[in-house]
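Engineer: Model the full assembly from the supplied sequences, consistent with the hints where possible.
Just so you know, the protein sequences line up as chains A and B, in that order.
In terms of this note's numbering, the first sequence is residues 1 to 261.
In terms of this note's numbering, the second sequence is residues 1001 to 1293.
Think of the hints as simulated: they come from the structure by calculation, not from any bench.
Hints are supplied without guarantee of correctness; some may be wrong.
Capping the alpha-carbon separation at 27 angstroms, the derived lysine-lysine pairs in DSSO-like fashion look like this [as the list claims (entries may be wrong)]:
1. K6/A to K1194/B
2. K1194/B to K136/A
3. K220/A to K252/A
4. K1287/B to K136/A
5. K114/A to K1050/B
6. K220/A to K6/A
Some residues of chain B that are not near chain A, with every Cβ distance over 12 angstroms (derived) [stated by the list, open to error]:
7. L1005
8. K1051
9. D1055
10. K1082
11. M1101
12. V1102
13. I1133
14. V1150
15. H1189
16. M1193
17. K1206
18. P1210
19. M1281
20. V1285
Since this is a predicted model, take the numbers as computed values, not measurements.
Yeah, the Cβ is synthetic: ideal placement off N, Cα and C, and Gly gets one too.
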Amino acid sequence: MEDSAKVVEAGKVDLVFQTADGPVHALSEIDLEINRGDFISLIGPSGCGKTTLLRLIADLEKPTGGVLKVNGMSPEEARLNRAYGYVFQSPALYPWRTVEGNLKLPLEIMGVEKTDQSRRASEALEMVDLTGFEKKFPWQLSGGMQQRVSIARALTFHPDLLLMDEPFGALDEIVRDQLNEHFHKLWEQTHKTVVFVTHSIPEAAYLSTKIVVMSPRPGKIIDIIESTLPEKRTLDIRETQEFLELSQRIRKGLREGHSYD
Amino acid sequence: MLNQLLKSSFIPITTVVSLIVVFWYAGAVYLNSDVLIDKYERQNTEWNFKKLVEDSWAMGRPVLPAPHQIMSDMNKSLFGRKITSKRSLVYHGWVTISSTMVGFVMGGVLGILLAIGIVHVPTLNKSVLPWIIASQTIPILAIAPMIIVVLGAIGLTGLLPKAFISAYLCFFPIVIGMVKGLRSPDPIHLDLMKTYNATQAQAFWKLRWPASTPYLFASFKVSIAISLVGAIVGELPAGARAGLGARLLTGSYYGQTVQIWSALIVASVIAASLVFLMSFMERIVQKRMGVLS
Chain A
1 MEDSAKVVEA GKVDLVFQTA DGPVHALSEI DLEINRGDFI SLIGPSGCGK TTLLRLIADL
61 EKPTGGVLKV NGMSPEEARL NRAYGYVFQS PALYPWRTVE GNLKLPLEIM GVEKTDQSRR
121 ASEALEMVDL TGFEKKFPWQ LSGGMQQRVS IARALTFHPD LLLMDEPFGA LDEIVRDQLN
181 EHFHKLWEQT HKTVVFVTHS IPEAAYLSTK IVVMSPRPGK IIDIIESTLP EKRTLDIRET
241 QEFLELSQRI RKGLREGHSY D
Chain B
1001 MLNQLLKSSF IPITTVVSLI VVFWYAGAVY LNSDVLIDKY ERQNTEWNFK KLVEDSWAMG
1061 RPVLPAPHQI MSDMNKSLFG RKITSKRSLV YHGWVTISST MVGFVMGGVL GILLAIGIVH
1121 VPTLNKSVLP WIIASQTIPI LAIAPMIIVV LGAIGLTGLL PKAFISAYLC FFPIVIGMVK
1181 GLRSPDPIHL DLMKTYNATQ AQAFWKLRWP ASTPYLFASF KVSIAISLVG AIVGELPAGA
1241 RAGLGARLLT GSYYGQTVQI WSALIVASVI AASLVFLMSF MERIVQKRMG VLS
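Structural biologist: Next up, the structure:
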């Protein structure tokens, strides 16, 4: 893999879905650059194509126009190289596998040696603070724990890029705050490149180095905001003037892009 | 103790069974009375209601035999004879069970393979499925004798032709169930496999196959019961040499209604046990998969 600084490069990316009701313009002229080590949030109302953009990067959808490169390759080549770990909106754990079994799933598929598998699984579990839960089945865990397992699963095979589709969207606010703080620490330690889809302004402002504000019909980028917050952050930072100003700018962008027609 | 008894299914089940027995005895009197009254009048015998009731529960060839007559016949033909005897129900039951099991295994393998093909190969989905459905529109009673005759002509007799009929019947629910089962994983679970760049075989063994087990056992339960039906139907045109089907056929030749009823009851007990066996296996598998605590 070449070590270019650009992890994702999108130039005038377009996506039109052909549906029974005629074509739907999901994404229009997306220009975006993501550097190594960036924490990017894609924020916008539902239907703005933020998840779709993530799925394009992951090669789960194909663009119908424009140029999209991941690690300097086409998204498909990047996927075949297992360049990223994807965290879905729901934990998507396999119910018949224990926590450890779920963590080993990608390793089994990628042909990692058996002895290595257990070590990497327990390392990943430690990162999300769930050591001791190896033998539990998913239904024995709370929703927040399940989502942490699913994040750990994306970390087991050490991808440099994490694609996360509203991973905390289904959780209550208290658990969500905890996970935000925890996940921010994790990012601070590893400095992986993260693309993070959310529709929560505080979440986007708290986690990101760069916030991409999107608007619907057709999905497009209306603002890209560089965060001015220091890299070391705790949840208390949300009470500062700087944080409020950042949130305000995001909200303003969202309001401009949003029409109620 | 009493509380436990009230909570268990003991009371409802006994109530239903006793009701059935009561109606059965009454039905035996009602259905057998015509023949008996006819006989009394021909022979100018004195009779009253008590005699009619007693006689109708003790006829040699009743229209409807009383439960205790069936019980004593079953007792005699299950435990009273050597199990190798041609008149032993154990012998006939075993003949039927063995062809049921062979047919079930053949139908199961065929059904699962077809389902795997249909799920993975789009052309098979379009070309094979209609034929599979069409195959089940032919009445089995019409096609069974032909299978016996055709296979007999190429030298296959005994267990195999019957097992073929069972397989013909029981592969169908397995195909339908497994096509649904193998397609049952969430799109998100399949996407996950795609992000790992998993091969089709990996996605099958690690996702589709385990996800399909509830469907597999549901279709197994249906299939094993109709596999038994297939075996019995297969025994009817086979010259009625052995098996529960043969017992049913000879019973109806000679008007041995008691014999027919005991063969029927043995058949239904076998069917229930086979279905129960499948549920038991399902529980074991579910426990091992951790889906059941």
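Engineer: Hint by hint, note whether the structure agrees.
Structural biologist: These are the hints, each one checked on the structure:
For the hint linking K6/A to K1194/B, the alpha-carbon distance of about 24 angstroms falls within 27 angstroms, and the restraint holds. A hinted pair counts as satisfied when its Cα atoms are at most 27 angstroms apart, and K1194/B with K136/A qualifies at roughly 26 angstroms. In summary, the hint linking K220/A to K252/A is supported, as the alpha carbons are separated by about 16 angstroms, within the 27 angstroms threshold. Taking the CA atoms of K1287/B and K136/A, the gap is near 13 angstroms; set against the 27 angstroms cutoff, the hint holds.
Straight-line distance between C-alpha atoms of K114/A and K1050/B comes to about 81 angstroms, which puts the hinted pair past the 27 angstroms bound. Note on K220/A and K6/A: the hinted pairing holds, with a Cα-Cα distance of about 21 angstroms set against a maximum of 27 angstroms. At roughly 33 angstroms, the least C-beta separation between L1005/B and chain A is larger than 12 angstroms, which holds for a residue marked as non-interface. The claim that K1051/B lies off the interface holds: its Cβ sits roughly 66 angstroms from the closest Cβ of chain A, which is beyond the 12 angstroms cut-off.
Residue-level check passed: D1055/B sits 62 angstroms from the nearest beta carbon of chain A, beyond 12 angstroms. For K1082/B, the requirement that its beta carbon stay farther than 12 angstroms from each beta carbon of chain A is met, with the minimum near 48 angstroms. For M1101/B, the requirement that its beta carbon stay farther than 12 angstroms from each beta carbon of chain A is met, with the minimum near 28 angstroms. With a cut of 12 angstroms on Cβ distances, V1102/B stays outside the contact zone with chain A, its closest approach being about 30 angstroms.
The beta carbon of I1133/B sits about 27 angstroms from the closest Cβ of chain A, which is more than 12 angstroms, so the claim that it is off the interface holds. The Cβ of V1150/B lies farther than 12 angstroms from every Cβ of chain A, with a closest approach of about 44 angstroms, so its non-interface assignment holds. For H1189/B, the condition that its CB be more than 12 angstroms from all CB atoms of chain A is violated, with the nearest at approximately 6 angstroms. With a least beta-carbon separation of about 8 angstroms from chain A, M1193/B fails to lie farther than 12 angstroms from that chain, contradicting its non-interface assignment.
The non-interface label for K1206/B is inconsistent with chain A: the shortest C-beta to C-beta separation is roughly 7 angstroms, within 12 angstroms. A beta-carbon of chain A comes within 12 angstroms of the beta-carbon of P1210/B; the shortest separation is about 5 angstroms. For M1281/B, the requirement that its beta carbon stay farther than 12 angstroms from each beta carbon of chain A is met, with the minimum near 16 angstroms. Its beta-carbon lying about 10 angstroms from the closest one in chain A, V1285/B breaks the requirement of being farther than 12 angstroms from that chain.
Figure legend: structure checked against the earlier numbered hints; hints not met, in rising order: 5, 15, 16, 17, 18, 20.
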